[in-house]
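A.B. asks: One-letter residues, chain by chain:
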Amino acid sequence: METTSVRKRRRGRWPSRLLAAHGVMGYLFLYLPIVILVVYSFNASRYASGAWRGFSLEWYTSLFSNEAIGVALKNTLIVAGASTLISTVFGTMVALGMERHKFRGKLAFDALLYLPIIIPDIAMAVMLLLFFVLCHARLGIVTIVISHVAFNISFVAVVVRARLAYFDISLEEAAQDLYANEWQTFRRVTLPLIMPGILGGALLAFTLSIDDFVITFFTSGPGSTTLPLRIYSMVKLGVTPEINALSSIMLVASMGLVMLSLLLRKGGGGGIDIL
Amino acid sequence: MQRQRRFRRETWRLLGLISPTLFWLIVFFLVPLLLVLAISLGQRGTYGGVRWDLTLENYARFFDPLYLRIFGRTVFIALATTVICLLTGYPLAYFIATRPSGWRNGLLLLLMIPFWTNFLIRTYAWLLILRDQGVINIFWTGAMHEFMAHAAMTVPLPIWGPLLEATSVPLPLFGTDGAIIVGLVYAWLPDMVLPCYASIERLDYSLVEAAQDLYANRFRSFLRVILPMTMPGIVAGSVLVFIPSLGAYVTPDLLGGAKSIMIGNVIYSQFMSARDYPFGSAISFVLMAVMLLGTLIYFRLGTE
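Protein chains in written order, with our numbering: chain G, 1 to 275; chain S, 1 to 304.
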């Protein structure tokens, strides 16, 4: 790729050492808060932050016996599962439609598809709350799922389209030359080839849904508390060490999901993407 | 005839593929969006509902000194966040871009992992660090205070008195604009690093050499060659950081305390406590308009 590489030309030591020190500092800045949080989750102290009082698993065990958190976990998984399923199917369909067809108004539709990614959380949350209130909809799991699908479709579509962009259309033509009908071609050729993109998009949607706070906060009603809402109210009502344990579990879980999603999408070429 | 049928089948297939999304986005995105615009032009009813008289009053309320001040603070915080992200993120991007190629993807991945974890939790982690009983202040009022006391005993100098006094109370870190800025920088730094990295990595280094052959020193060749050539990345990164910082809600809510609030918190309180939907909608709409404008600039520069 690079003809004259930047790195071979490091003249003079001090600037490059300073740069390296800055790089290390940058990564420390990114990871130190997370490490501190996880370390505190094992602190025996009764306070969420404070002096180290010895190693303890107390907050993890008390977390598992906390019924409210069990309910929140169940809600979170229902919302994430349902919104992932719907947005993955719709997102994949729309990606196929957008990549394979030309039509009038495509540019406008493209813009509409990207808007939910760009718009700030708080604005989208407000919009949906107003809409549901004016429709006299009962706020709860259903309204949360609807809202999550509204932003997740776009993310799934972007990921699947990236995969489709690398798709070799001649493979489909070959299948049709061998007398496969359209459905067979899709089922046996297209779908398996774009599967990593679909799975990557689904995992991304799942992660975004589990992690969403602002939009869920506005579109939820009594009895539909999810884990981020639980964490928020725990933080607001008084910081206890249980939050540290819950947060650590969620951090590790979403890091795992992200890694998995990146691994799946990496197969599509193009290395690591932001989206 | 056959061509026509084929055309019709294609059209139906396209419709089948895009209509579920089209339906969802129109009903649950576009309609609510227009609703916000419509309501922002209405008036607040006596009991918190919305009266549909066309008025621009809600937009005029921005010029109330109270809201102007919050606007000013929001813009200041977002700008400060952007500048700090740029000053720290650009060298970080340069650092990553100058590593051997085998390292770069790993470093980028390492940069992205925290970015994709829960925003609320990452902000909460800073609460643990910055609050009065937090990590920094435990060190400040604990070890630091003891050290000062010890030093005062061994080497009697007049400076220990005030230092001892200062370390006896926690540093006012939590609930300040500074705390919000730290939280926002932490949240959006990768958004600055990635576009900068992309443009630095693409840089044709022979041009820098040419500058140096023409007796430009390192500083000048950076200023005159590298900086202008990586400008698209800088602009893209700045837009990507500035926009979400402007619309921040969770960060000021958790780290800003009661004193330091931003537009996002005003929107929240208009909907959740004041029940003034029209004014809340007007603020949201202005916020969205600003973001959209920023995004347009971003795409314009991206295509050039």
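These are computed hints drawn from the structure, not numbers from a lab. Every value quoted in this text rests on a predicted model; they were computed, and no experiment measured them. One or more of the hints may lead you astray.
[Stated by the list, open to error] Listed below are several chain S residues computed to face chain G (Cβ distance under 7 angstroms; list not exhaustive):
{"hint": "1", "residue": "L33"}
{"hint": "2", "residue": "L35"}
{"hint": "3", "residue": "P162"}
{"hint": "4", "residue": "A166"}
{"hint": "5", "residue": "L287"}
Where a beta carbon is used, it is the ideal one built from N, C-alpha and C, also for glycine.
A.B. asks: For every hint, state whether the structure bears it out.
C.D. replies: Hints, one by one, checked against the model:
1. The restraint placing L33/S at the interface with chain G holds, with a minimum CB-CB distance near 6 angstroms, inside the 7 angstroms limit.
2. At its closest, the beta carbon of L35/S sits 5 angstroms from a beta carbon of chain G; the interface hint therefore holds under the 7 angstroms criterion.
3. The beta carbon of P162/S is not positioned within 7 angstroms of any beta carbon in chain G (closest approach about 26 angstroms), and the interface hint is therefore violated.
4. This hint is violated: A166/S has a C-beta 20 angstroms from the nearest C-beta of chain G, more than the 7 angstroms allowed.
5. Taking 7 angstroms as the C-beta contact cut-off toward chain G, the hint placing L287/S at the interface holds, the least distance being around 6 angstroms.
The structure shown violates the earlier hints numbered 3, 4.
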